[in-house]
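Given chain A's structure and the hints, the job is docking chain B onto it.
Each chain, written out:
2 protein chains.
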Amino acid sequence: MGYPNSLSDLINYFRKLPGIGEKSAERMALSLLELSCDDVENFAEAMVDSKKNLHPCSVCGHITDKDVCDICSSGRRNRSVICILEDYKSVFAFEKAGNYNGVYHVLNGLISPIDDVNPEDINIASLIDRVEKLDHPELIIALKSTIEGETTTLYLKKIFEGKNVEISRLSYGIPMGAEIDYLDEITLDRALSDRKKISD
Amino acid sequence: MGYPNSLSDLINYFRKLPGIGEKSAERMALSLLELSCDDVENFAEAMVDSKKNLHPCSVCGHITDKDVCDICSSGRRNRSVICILEDYKSVFAFEKAGNYNGVYHVLNGLISPIDDVNPEDINIASLIDRVEKLDHPELIIALKSTIEGETTTLYLKKIFEGKNVEISRLSYGIPMGAEIDYLDEITLDRALSDRKKISD
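Protein chains in written order, with this note's numbering: chain A, 1 to 200; chain B, 1 to 200.
All the pointers check out, no bait thrown in.
Copies of one chain are not kept apart here, so a pair can be met inside one copy or by any two copies together.
Cut-off 30 angstroms, straight-line C-alpha distance, at most; resulting in silico cross-link-like pairs (DSBU-like, lysine-lysine):
hint, residue 1, residue 2
1, Lys66, Lys23
2, Lys16, Lys96
3, Lys144, Lys96
4, Lys196, Lys144
For the record, the hints were derived by calculation from the structure and aren't laboratory data.
Only a predicted model underlies this, so the values are computations on that prediction, with no experimental measurement involved.
Same shape as in the complex, but just chain A:
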């Protein structure tokens, strides 16, 4: 005899979340039943609310419950430094690190000819608009080092080249605290060719 219907539905929904296999989904669904009725209702409400209230910021594309996100509307951020990211999850990662004082631009995807994702399919047009309004802005490209990431980086470089825009990308190399002997060869190769002088 298996789970009652409503419970197996719930388990199936939990399995849609990343990294949740059958066993974890069962454990979560069963534990959910142990929360109070109020907690379960508020949890369900928070889910629906988040999905309904959050939408892209009209300036940078980061998710927000306002028209313009807190970062774009903050008076303390340097609006002439724009960090270009693939998705809003990366924005949260940068904000957690806490040392970046510029603003962001979320592309919401990467150029990928194989998957038929062209430059006009991602959030690039609005970036060009933003950059044109600024006097000598700095763009920091922070995309992952896959074919799609590199293609997008090159495309952005080509667009903004010669337009009085300073462009950089994040450094590649050994992650902090990593054991050298466990690193993959491509990262090690990259770290070697991008080596920095320490006499400076």
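For chain B alone, coordinates are given in the frame of chain A:
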């Protein structure tokens, strides 16, 4: 700048689930936003429905969406063999193993004088009623081997002794496939004292 309010609420609710730390809760909440609106609404509905529709079976105490659970109402189960469990999660574990053909009785707790949980606080009275209606029933006590589990087992043994009831408990010993050298001493000690003759 942190998460928008509705998102941080959602993250906090995910953290109430077992084994979910801050990082996983964030990942889940953010991935939930990537599901379709319909999926999120149905997920939320499944949560509330499960909590509302599921209640203890009036016979055995297992959770069900009916008055009597599928196991108790099944014609194929041997109703004179009752396996006594702490909670409904254990019922699902037994049903998954799939080799048990009797019925269950969920105590919904264990006797624990320290936490002020007495025999009348758990589902024992209804077990006595059930047993009295049966002719020479078999009780299989499947409680964990903690002080509370042992106390409850002893209490049950005392109640049903001399009443034409066959009582057994699950065997303790080495889990299947476990490495002997990694086992804790108490389990190893128990496995030794409970050793079985293989010449039989």
